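Peer 1: Residue numbers (the numbering used here), protein chains in the order written: chain S, 16 to 131; chain X, 3 to 113.
These are calculated hints, taken from the structure and not from any lab test.
It is possible that some hints are incorrect.
Capping the alpha-carbon separation at 30 Å, the derived lysine-lysine pairs in BS3-like fashion look like this [claimed, not checked]:
{"#": "1", "chain 1": "X", "residue 1": "Lys5", "chain 2": "S", "residue 2": "Lys72"}
{"#": "2", "chain 1": "S", "residue 1": "Lys98", "chain 2": "X", "residue 2": "Lys105"}
{"#": "3", "chain 1": "X", "residue 1": "Lys70", "chain 2": "X", "residue 2": "Lys58"}
{"#": "4", "chain 1": "X", "residue 1": "Lys108", "chain 2": "X", "residue 2": "Lys70"}
{"#": "5", "chain 1": "X", "residue 1": "Lys58", "chain 2": "X", "residue 2": "Lys108"}
{"#": "6", "chain 1": "X", "residue 1": "Lys5", "chain 2": "S", "residue 2": "Lys93"}
{"#": "7", "chain 1": "S", "residue 1": "Lys93", "chain 2": "X", "residue 2": "Lys70"}
{"#": "8", "chain 1": "X", "residue 1": "Lys5", "chain 2": "X", "residue 2": "Lys58"}
{"#": "9", "chain 1": "S", "residue 1": "Lys72", "chain 2": "S", "residue 2": "Lys93"}
{"#": "10", "chain 1": "X", "residue 1": "Lys19", "chain 2": "S", "residue 2": "Lys72"}
{"#": "11", "chain 1": "X", "residue 1": "Lys108", "chain 2": "S", "residue 2": "Lys98"}
{"#": "12", "chain 1": "X", "residue 1": "Lys19", "chain 2": "X", "residue 2": "Lys105"}
{"#": "13", "chain 1": "X", "residue 1": "Lys105", "chain 2": "S", "residue 2": "Lys93"}
{"#": "14", "chain 1": "X", "residue 1": "Lys58", "chain 2": "S", "residue 2": "Lys98"}
{"#": "15", "chain 1": "X", "residue 1": "Lys108", "chain 2": "S", "residue 2": "Lys57"}
{"#": "16", "chain 1": "X", "residue 1": "Lys5", "chain 2": "S", "residue 2": "Lys98"}
{"#": "17", "chain 1": "X", "residue 1": "Lys70", "chain 2": "S", "residue 2": "Lys72"}
{"#": "18", "chain 1": "X", "residue 1": "Lys19", "chain 2": "X", "residue 2": "Lys108"}
{"#": "19", "chain 1": "S", "residue 1": "Lys93", "chain 2": "X", "residue 2": "Lys19"}
{"#": "20", "chain 1": "S", "residue 1": "Lys98", "chain 2": "X", "residue 2": "Lys70"}
{"#": "21", "chain 1": "S", "residue 1": "Lys72", "chain 2": "S", "residue 2": "Lys98"}
{"#": "22", "chain 1": "S", "residue 1": "Lys93", "chain 2": "X", "residue 2": "Lys58"}
{"#": "23", "chain 1": "X", "residue 1": "Lys58", "chain 2": "X", "residue 2": "Lys105"}
{"#": "24", "chain 1": "X", "residue 1": "Lys105", "chain 2": "X", "residue 2": "Lys5"}
{"#": "25", "chain 1": "X", "residue 1": "Lys105", "chain 2": "S", "residue 2": "Lys57"}
{"#": "26", "chain 1": "S", "residue 1": "Lys98", "chain 2": "X", "residue 2": "Lys19"}
{"#": "27", "chain 1": "S", "residue 1": "Lys57", "chain 2": "X", "residue 2": "Lys43"}
{"#": "28", "chain 1": "S", "residue 1": "Lys57", "chain 2": "S", "residue 2": "Lys72"}
{"#": "29", "chain 1": "X", "residue 1": "Lys19", "chain 2": "X", "residue 2": "Lys43"}
{"#": "30", "chain 1": "X", "residue 1": "Lys105", "chain 2": "X", "residue 2": "Lys43"}
{"#": "31", "chain 1": "S", "residue 1": "Lys57", "chain 2": "X", "residue 2": "Lys58"}
{"#": "32", "chain 1": "X", "residue 1": "Lys5", "chain 2": "X", "residue 2": "Lys70"}
{"#": "33", "chain 1": "S", "residue 1": "Lys72", "chain 2": "X", "residue 2": "Lys108"}
{"#": "34", "chain 1": "S", "residue 1": "Lys57", "chain 2": "S", "residue 2": "Lys98"}
{"#": "35", "chain 1": "X", "residue 1": "Lys43", "chain 2": "X", "residue 2": "Lys70"}
Reference listing, derived: stretches of chain X covered by chain S, where coverage requires no fewer than 3 residues with Cβ under 8 Å from a Cβ of chain S [to be verified]:
{"#": "36", "segment": "35 to 44"}
{"#": "37", "segment": "47 to 61"}
{"#": "38", "segment": "82 to 89"}
Note that the structure is predicted; figures quoted are calculated from it, not measured.
A virtual CB, placed ideally from N, CA and C, is assigned to each residue, including glycine.
One letter stands for each residue in the lines below.
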Amino acid sequence: EPEVTQTPSHQVTQMGQEVILRCVPISNHLYFYWYRQILGQKVEFLVSFYNNEISEKSEIFDDQFSVERPDGSNFTLKIRSTKLEDSAMYFCASSDWTSGLYNEQFFGPGTRLTVL
Amino acid sequence: ELKVEQNPLFLSMQEGKNYTIYCNYSTTSDRLYWYRQDPGKSLESLFVLLSNGAVKQEGRLMASLDTKARLSTLHITAAVHDLSATYFCAVEGAGSYQLTFGKGTKLSVIP
Numbered sequence: 016e017p018e019v020t021q022t023p024s025h026q027v028t029q030m031g032q033e034v035i036l037r038c039v040p041i042s043n044h045l046y047f048y049w050y051r052q053i054l055g056q057k058v059e060f061l062v063s064f065y066n067n068e069i070s071e072k073s074e075i076f077d078d079q080f081s082v083e084r085p086d087g088s089n090f091t092l093k094i095r096s097t098k099l100e101d102s103a104m105y106f107c108a109s110s111d112w113t114s115g116l117y118n119e120q121f122f123g124p125g126t127r128l129t130v131l
Numbered sequence: 003e004l005k006v007e008q009n010p011l012f013l014s015m016q017e018g019k020n021y022t023i024y025c026n027y028s029t030t031s032d033r034l035y036w037y038r039q040d041p042g043k044s045l046e047s048l049f050v051l052l053s054n055g056a057v058k059q060e061g062r063l064m065a066s067l068d069t070k071a072r073l074s075t076l077h078i079t080a081a082v083h084d085l086s087a088t089y090f091c092a093v094e095g096a097g098s099y100q101l102t103f104g105k106g107t108k109l110s111v112i113p
């Protein structure tokens with residue numbers, strides 16, 4: 016069964032460093048997302064991406080964040096200068112707007128980012 | 003701004019018992035999703051509810067949607083230990099791609 020994959024599973028970085036989180040969405044999906052979950056809290060939307068551009072972004076997704084689809088399979092989230100409060104689990108998701116009726120999103124296993 | 007409220011946030015129940023988790027949301031939507039998350043794991047899609055009165059069942063779990071009341075329920079029948087997990091409802095806002103999640107209900111089923 017197709018699934019979303021993410022690498023690395025765990026990333027430890029120093030405050031102020033740049034990190035890139037990588038995702039491979041399900042191959043026939045066209046819509047891609049990043050969410051984050053701070054430990055013990057709810058899942059929060061960061062950004063959605065379609066047709067090589069950002070569709071929506073939340074207030075969390077400020078100038079320190081960027082997304083890219085560098086090739087036909089990968090989808091990346093870059094944090095330019097990490098802060099302590101960026102420590103969280105980051106989930107990538109993808110969807111295909113099934114029959115134009117609904118937008119069931121399939122989530123990857125997550126990357127746990129720890130900023131020291 | 004779309005807000006999603008789940009209750010209870012924590013639920014400890016004995017095996018064999020029934021219980022209901024509630025999900026209220028603040029603005030009009032007719033697409034609601036339930037996800038399950040095991041500790042340290044990703045989110046597994048359980049149910050997609052698309053219209054008023056929609057009811058879906060899978061094993062011991064049944065989900066329903068009342069768009070007029072802006073309420074979805076996840077009913078657990080005869081709980082078993084394997085159902086222990088955190089359950090999230092997520093609402094798709096009108097004209098939006100994003101999902102807004104509730105805080106989750108951490109369910110512990112005790113033998």
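Peer 1: It remains to establish, for every hint, whether it holds in the given structure.
Peer 2: Hints, one by one, checked against the model:
1. For a cut-off of 30 Å, the pair hint linking Lys5/X to Lys72/S stands: about 17 Å separates their Cα positions.
2. The hinted pair formed by Lys98/S and Lys105/X meets the criterion: a straight-line CA distance of about 24 Å does not exceed 30 Å.
3. Between Lys70/X and Lys58/X the alpha-carbon distance is near 18 Å, which keeps this suggested pair within the 30 Å criterion.
4. Under the criterion of a C-alpha separation no larger than 30 Å, the hint pairing Lys108/X with Lys70/X is consistent with the structure, at around 27 Å.
5. With a CA separation close to 21 Å, the supplied pair Lys58/X and Lys108/X stays within the 30 Å bound.
6. Distance hint between Lys5/X and Lys93/S is fulfilled; the C-alpha atoms sit about 28 Å from each other, no more than 30 Å.
7. As the CA atoms of Lys93/S and Lys70/X are separated by approximately 40 Å, the hinted pair breaks the 30 Å bound.
8. Note on Lys5/X and Lys58/X: the hinted pairing holds, with a Cα-Cα distance of about 23 Å set against a maximum of 30 Å.
9. Straight-line distance between C-alpha atoms of Lys72/S and Lys93/S comes to about 14 Å, which keeps the hinted pair within the 30 Å bound.
10. Taking the CA atoms of Lys19/X and Lys72/S, the gap is about 42 Å. The hint is violated against a cut of 30 Å.
11. Distance check on the hinted pair: Lys108/X and Lys98/S sit about 29 Å apart at the alpha-carbon level, within 30 Å; holds.
12. For the hint pairing Lys19/X with Lys105/X, the CA-to-CA distance comes to about 23 Å; that is within 30 Å, so the pair holds.
13. This hinted pair checks out: Lys105/X and Lys93/S have alpha carbons roughly 26 Å apart, not beyond 30 Å.
14. For the proposed pair Lys58/X and Lys98/S, the alpha carbon gap of about 42 Å is over 30 Å, so the pair is violated.
15. Of the supplied pair hints, the one linking Lys108/X and Lys57/S holds, its CA atoms being roughly 11 Å apart against a limit of 30 Å.
16. A distance of roughly 27 Å separates the Cα atoms of Lys5/X and Lys98/S; the hinted pair therefore holds under the 30 Å criterion.
17. Pair hint Lys70/X plus Lys72/S holds up; C-alpha atoms about 28 Å apart against a cutoff of 30 Å.
18. Restraint check for Lys19/X and Lys108/X: the C-alpha separation of about 16 Å stays at or below 30 Å, so the hint holds.
19. Restraint check: the Cα-Cα separation between Lys93/S and Lys19/X comes to about 46 Å, which exceeds 30 Å; the hinted pair is violated.
20. About 42 Å separates the Cα atoms of Lys98/S and Lys70/X, which puts this hinted pair outside 30 Å; it is violated.
21. Distance hint between Lys72/S and Lys98/S is fulfilled; the C-alpha atoms sit about 19 Å from each other, no more than 30 Å.
22. Our distance criterion of 30 Å between C-alpha atoms is broken by Lys93/S and Lys58/X, whose separation comes to about 38 Å.
23. Taking the CA atoms of Lys58/X and Lys105/X, the gap is about 22 Å. The hint holds against a cut of 30 Å.
24. A distance of roughly 10 Å separates the Cα atoms of Lys105/X and Lys5/X; the hinted pair therefore holds under the 30 Å criterion.
25. The suggested pairing of Lys105/X with Lys57/S holds, with an alpha-carbon distance near 5 Å, which does not exceed 30 Å.
26. Note on Lys98/S and Lys19/X: the hinted pairing is violated, with a Cα-Cα distance of about 45 Å set against a maximum of 30 Å.
27. A distance of roughly 14 Å separates the Cα atoms of Lys57/S and Lys43/X; the hinted pair therefore holds under the 30 Å criterion.
28. For the given pair, Lys57/S sits about 17 Å from Lys72/S by alpha-carbon distance, which is consistent with the 30 Å threshold.
29. The suggested pairing of Lys19/X with Lys43/X holds, with an alpha-carbon distance near 26 Å, which does not exceed 30 Å.
30. For the given pair, Lys105/X sits about 16 Å from Lys43/X by alpha-carbon distance, which is consistent with the 30 Å threshold.
31. This hinted pair checks out: Lys57/S and Lys58/X have alpha carbons roughly 24 Å apart, not beyond 30 Å.
32. Restraint check: the Cα-Cα separation between Lys5/X and Lys70/X comes to about 16 Å, which is no more than 30 Å; the hinted pair holds.
33. Between Lys72/S and Lys108/X the CA atoms are separated by roughly 28 Å; this keeps the pair inside 30 Å, and the hint holds.
34. For the hint linking Lys57/S to Lys98/S, the alpha-carbon distance of about 20 Å falls within 30 Å, and the restraint holds.
35. Note on Lys43/X and Lys70/X: the hinted pairing is violated, with a Cα-Cα distance of about 33 Å set against a maximum of 30 Å.
36. Counting residues of the segment 35 to 44 of chain X whose C-beta lies closer than 8 Å to any C-beta of chain S gives 4; at least three are required, and the coverage claim holds.
37. With 3 residues bearing a CB less than 8 Å from a CB of chain S, the segment 47 to 61 of chain X meets the requirement of three and the coverage assertion stands.
38. Evaluation of the coverage hint for the segment 82 to 89 of chain X: breached, as 0 residues show C-beta separations to chain S shorter than 8 Å, against a requirement of three.
Going down the numbered hints, you'll see the structure goes against 7, 10, 14, 19, 20, 22, 26, 35, 38, while the others check out.
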